[in-house]
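Trainee: Protein chains in written order, with the working numbering: chain A, 1 to 314; chain B, 315 to 628.
Please keep in mind that the hints were generated in silico from the structure rather than gathered at the bench. Hints are all accurate, no fakes.
One side of the interface only, derived from the structure: several residues of chain A facing chain B at Cβ under 7 Å: (1) 201; (2) 226; (3) 236; (4) 274; (5) 280; (6) 281; (7) 293.
Cut-off 30 Å, straight-line C-alpha distance, at most; resulting in silico cross-link-like pairs (DSS-like, lysine-lysine): (8) B:341 / B:355; (9) A:107 / B:525; (10) B:470 / A:216; (11) A:156 / A:83; (12) B:421 / A:216.
C-beta: ideal position from N, C-alpha, C; glycine also.
2 protein chains.
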Amino acid sequence: MSVLFEKLALVGVGLIGSSIAQAARQKGLVGQISVATRRAKTLDEARNLGLADSYSQDACEAVADADLVILCTPVGAFEPVMKDIAGALKPGAIVSDAGSVKGHVVKTLAPLIPEGVHFVPGHPMAGTEHSGPGAGFPELFEGRWCILTPEAGTDKKAVECLSAFWEALGSDVELMDATHHDMVVAITSHVPHLVAYNIVGTADDMETVSKSEVIKFSAGGFRDFTRIAASDPVMWRDVFLTNREAVLEMLGRFLEDLSVLQRAVRTSDGDALETLFTRTRAIRRSIIDAGQETAAPDFGRTQPDPVRRDIKDR
Amino acid sequence: MSVLFEKLALVGVGLIGSSIAQAARQKGLVGQISVATRRAKTLDEARNLGLADSYSQDACEAVADADLVILCTPVGAFEPVMKDIAGALKPGAIVSDAGSVKGHVVKTLAPLIPEGVHFVPGHPMAGTEHSGPGAGFPELFEGRWCILTPEAGTDKKAVECLSAFWEALGSDVELMDATHHDMVVAITSHVPHLVAYNIVGTADDMETVSKSEVIKFSAGGFRDFTRIAASDPVMWRDVFLTNREAVLEMLGRFLEDLSVLQRAVRTSDGDALETLFTRTRAIRRSIIDAGQETAAPDFGRTQPDPVRRDIKDR
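Please model the complete structure; the sequences and the hints are all you need to start from.
Mentor: What follows is the structure, given as structure tokens:
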């Protein structure tokens, strides 16, 4: 593919920053890549992986002359980083981010963006439960959504260039209002994470059932929750601190529904239980049909097909 | 392997019954297999898969002369099935089951077991979100736990024979008190399922975020919940109806903890959030170390390693 940006600067080089660097380089989308991260150890890791052309602990150094700057730190670090780099940004540069929350990002960063620099907030909806530069891989964004939330009046060309970049990384790009984005992710991502963190915590803290029993017998459902409850703690702390209102709103609905379900269990209302369980199964089907999931049983942990065919063919 | 039982009868032939049949035959553990299921369509499916030596809609016919009978229907059908087959059981036969709940099974079935027949309740802790005969595969039980909950005074030889059978299917067998079993599964399996069903239901029922958006953007965490919320509705209805007390007890704890977490979000208590999120990450690690899970990122939905190595080696 052709070069879309002469210089890409990534501030923060965890799972997301590392994956952007690898994908952009593999597909030839940028002339050069600079990465900046505060911790020397993380920077060494990035250097050992050969992720970029230049490495710095100084974000100002990394963003100098960059045409595209993407903030890939936890959301809580965006504001100090932006204050730091504002004076070093090249006129005409695009500043974006990879934060999971958008309303807060717009509110805190927009006033800090210098005249002549284009601010296009972004959220690549992709990730795994692993973190750090070594967890990155270039296919991370393939077939995943990237939501951009530019405010009204943002330079159209800048939005188009950034969209083209994410599309070249394999993502489907969608433009959305920042506030609506935050509601969508509250229910599809933030509350599920909160609930997963919570149930793993509850199970870890029981006297009638030992921790070793919880671990031993986790395959019955519990372990699926532990995957998302293993996501980066600092990143997720910042998500809940910065998307508080939407999370509390969605959590309130979740709790309301759970009370109804709790009552159905208490009153042995089998019909109500079966009705809900049948409805949720259909939603799974829709997600698979939409290409957002595989139908492999048990997340492909086992390989049933060849043997089943053997038996049938005998 | 050597034949452990001359005749195995399976009453119910969904995911579990089908997998037992396939595994027992593949490993040569039984002389012959008979299956019974009420619905003609399911029986035809089993026949087309070649799962057994004989097929019947009449459970009495299937269990005649069987040395091992395993009830593989939803738990709610156990009592009528047992009343039906009691008179047809061979003296000395072992009756077991694959139900996810054990206290209720012991209470309802034990009084129905004829003199001279051994009752050894069992729970293979294995499954996928798919159901029906076609969903079964012989490796389902490999490396998984099978919990047996014989009451005091149960014939030792019968317990040993059944343990040997499950071990031959690849499972690790553990003996446990039925009541304790029900608490263990309430927290490791039943409450996680209830919570997953609930959040999928909540997301399906919103006015600010459309259903198509929930499906579209499900990769952020939500889709992991939909897998277990796609499990068999009737089986799970029966689980909650028959393990009500333990589920309500564990759900109460979950809700208590969730209130604390909700307050941490509301009061922006970042330290409390980060502390919990760090603790839950360690539990994930323990589950992987215990061999109950793979460390593949995102459940192995992507294949990061080869490419990452490429970049490193350049």
